[in-house]
Amino acid sequence: MQAQYIEASLSLRSPSANLSEWQYRPGMMRLNVLNRAQSIQIVTAFVEISDAEGPVANNGAAAGQLLELAPGNNVFYADRLFAGESINFIQVLPGQPLPEGEYQICVSLELVDGLVQEISPACATWQCDGKSRPMLAPYAAPTLIGPKDGAVITQDADRRIAFAWTPVWPIPDFRVNYVLLVYPLAEGQTPFEAVMGGQPLVETVVPGSVWKLWPSKVPLPENGTYVWTIRPLSNLGEPLLPFPGISSIFTFTIDYEPTKRIKKHADGRMQIQLADPPPGAAWEQFEAFCWEPLPQQGLHYQLHLTQSVCDSIIPDTLPYPFAPMIGRRTHQDSVNELKRDIAQLEEEIRVWHTFGQ
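Going by our numbering, the residue at position 49 of the sequence shown is 49; the numbering climbs one at a time, nothing skipped.
Hints listed in this document are in silico derivations from the structure and should not be mistaken for laboratory results. Model, not experiment: these values are computed from the prediction. The C-beta atom is built at its ideal place from N, Cα and C for all residues, glycine as well. Warning: the hint list may mix true and false statements.
Have a look at the derived ranges for each label pair, beta carbon to beta carbon [said to hold, decoys possible]: (1) E102 - K148: 45 to 55 Å; (2) D129 - T253: 47 to 57 Å; (3) S120 - V152: 42 to 52 Å; (4) Q127 - V210: 40 to 50 Å; (5) Q91 - T166: 43 to 53 Å; (6) P99 - W169: 34 to 44 Å; (7) E102 - A186: 46 to 56 Å; (8) P138 - T253: 28 to 38 Å; (9) K148 - G54: 54 to 64 Å; (10) G150 - N88: 38 to 48 Å.
Using the sequences provided together with the hints, build the complete structure.
Structure (structure tokens):
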């Protein structure tokens, strides 16, 4: 019985003739599995390498490898599929390179959900040159710097969450791409369970060791707890760390208090800020947007900020009463900083704040 909602494809990248080396160069084999279902699926992966004479090696020593498939695309490398003690050598001895020739490798998946359902195998061929590949040097994982483990962040005040970490060590002679991963942490979950079994809210490749998250670009629900980690990859997309291929895992909490940002003046005007003022600073001397509310009670207003607001010419002072929705710049430096931030996003940014009287 075929499971039609799961599709797999396999690709190889200069595989080593020495099968024992694959666990140290996991990027040599990449399995993409698309799970079209709306729930997590568990499959068993069977890997076999063969030539014209028959099977050469397989992962039968481990009776297959259990894989957890989240909804969407899932990627697995050689260190999960075909490595270490799982390899059953048939035509060659452990550590012995394969002879020159053409080989085929196939990954067969079986889905178990009461009945065993087979998934069409994913196969790839390669012309083996009989040579080993130099192993990647062992690297020390990045050290997470911030947000610190257990940090509480007021998203509305900070506006951006800065993630920072140290590079892998020793520094390679090739470009390292760091994948920043942020996951929600459910009640009763451990941080490791959240990373291994959840879908990331943020998954972005960073060529350096700092990345800033603009909340409006990737909104994080208020008063939530999250985990973040870093997965370093080589310039060829190979994991640089052994399974699970990530650094340590930190948690942080978003403490969102929108009421701190709303003020009603004595003359009835409403005001909202885009960031908390420094200690001792007056509300009117910080970046703020003011308007006169409509007479109806119980209304909710939305402040819509786009790049055009910053680029338009708005006087520093406006007579009252204002129109129901109108902007006012009161701190030029803050506006300039906002314009720079928007330019970095390379797309139109919309910041929405919803609040009521």
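Evaluation of the provided hints:
no.	hint	in the structure
1	E102 - K148: 45 to 55 Å	53 Å, holds
2	D129 - T253: 47 to 57 Å	53 Å, holds
3	S120 - V152: 42 to 52 Å	48 Å, holds
4	Q127 - V210: 40 to 50 Å	42 Å, holds
5	Q91 - T166: 43 to 53 Å	44 Å, holds
6	P99 - W169: 34 to 44 Å	38 Å, holds
7	E102 - A186: 46 to 56 Å	48 Å, holds
8	P138 - T253: 28 to 38 Å	34 Å, holds
9	K148 - G54: 54 to 64 Å	56 Å, holds
10	G150 - N88: 38 to 48 Å	45 Å, holds
Every hint from the earlier list agrees with this structure, and none is contradicted.
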